[in-house]
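Each chain is listed here by its residues.
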Amino acid sequence: MKHACKEISRLASNSLDRKLKLWEKVKFHVHLAMCSNCRNCDNSMKLIREASELIQKTKYGNIRLSNVQREKMHRTLKESTGG
Amino acid sequence: MNSKSDPHQWLSEHGDYLYRYAMSRLHNEELASDMLQETLLAGWKGFDKFAGQSSIRTWLVGILKHKIIDHIRKEIRNRNLTEAVENDPTSAYFNENGSWSEAPSAWKDNPEDLCQSEQFHAVLDSCISKLPEKQQIIFRMRDITGEDSETVCKSCDITSTHLHVLLHRARLALRKCLEWNWFGQGTRP
Numbered sequence: 001m002k003h004a005c006k007e008i009s010r011l012a013s014n015s016l017d018r019k020l021k022l023w024e025k026v027k028f029h030v031h032l033a034m035c036s037n038c039r040n041c042d043n044s045m046k047l048i049r050e051a052s053e054l055i056q057k058t059k060y061g062n063i064r065l066s067n068v069q070r071e072k073m074h075r076t077l078k079e080s081t082g083g
Numbered sequence: 001m002n003s004k005s006d007p008h009q010w011l012s013e014h015g016d017y018l019y020r021y022a023m024s025r026l027h028n029e030e031l032a033s034d035m036l037q038e039t040l041l042a043g044w045k046g047f048d049k050f051a052g053q054s055s056i057r058t059w060l061v062g063i064l065k066h067k068i069i070d071h072i073r074k075e076i077r078n079r080n081l082t083e084a085v086e087n088d089p090t091s092a093y094f095n096e097n098g099s100w101s102e103a104p105s106a107w108k109d110n111p112e113d114l115c116q117s118e119q120f121h122a123v124l125d126s127c128i129s130k131l132p133e134k135q136q137i138i139f140r141m142r143d144i145t146g147e148d149s150e151t152v153c154k155s156c157d158i159t160s161t162h163l164h165v166l167l168h169r170a171r172l173a174l175r176k177c178l179e180w181n182w183f184g185q186g187t188r189p
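Residue numbers (our numbering), protein chains in the order written: chain R, 1 to 83; chain F, 1 to 189.
Everything labelled a hint here was simulated from the structure, so no lab data went into it.
Rough simulated footprint, nothing fancy, chain F against chain R, three-plus residues with beta-carbon under 8 Å:
(1) 5–11
(2) 14–26
(3) 50–64
(4) 73–82
Calculated cross-link-like contacts (lysine-lysine; reagent style DSSO-like; alpha-carbon spacing at most 27 Å):
(5) Lys108(F) / Lys59(R)
(6) Lys27(R) / Lys108(F)
(7) Lys134(F) / Lys57(R)
(8) Lys19(R) / Lys65(F)
(9) Lys59(R) / Lys67(F)
(10) Lys45(F) / Lys67(F)
(11) Lys65(F) / Lys45(F)
Which chain F residues stay away from chain R? Per the calculated CB distances, all over 10 Å, these:
(12) Val61
(13) Ile69
(14) Ile72
(15) Ser126
(16) Thr159
(17) Trp180
Note that the Cβ used here is the ideal one computed from N, Cα and C, for glycine as well.
Between the sequences and the hints, there should be enough to build the whole structure, so can you do that?
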């Protein structure tokens, strides 16, 4: 295969963090069209990120300060700002 | 004092939002509420620098964000977490000619189902915890918290090139670990 899968896996990862340059994009997509292994790798990296983001949202989306934390903070603010 | 500079009111109006922001990045209740408190005080002290061009919330988030970056940066320095770019560990997944030494399989699961599976959370966590520490921090910031690359680089004192190298390593290692422990055929617990 013209472009080694190792290099394509690097582009698959990079594409999640930056815009690929035009020639990288061409190389990447031409290779993916021919190579199911790299397609699987690309999809799995995307799936890991999507699932992780969803998990994070579910975990932290609804948390709130507890009343104890809030009161403690009001007290400290009062002491520090004198108001 | 300017009547608008009221940290008590900020706490009431934006406290939960800021706390959520801190918790999702620090994963530690005590630390997150400390950071929030410091932010409110810094905002009170530096209120004359608030230009009024953005909302108070945006301004406070900016202060909190910097505090968190500083914290992570110190943490990384204190623990002396470095990782050389040399000694490429990704070679282990490929043959000499650059082809896969073990073919990646197609993962059929969708993110919504994975998100709802406690078992998957546990497997994902354990796979992440097997990464070198700096990769863990970077991967969590980038793919879990969704922090932008620039912020991750600043927090970790690395260049964007180094960031890309470390994320490539982390994602290949995670992919492999999840393939073995979750997606692999017949090995699902």
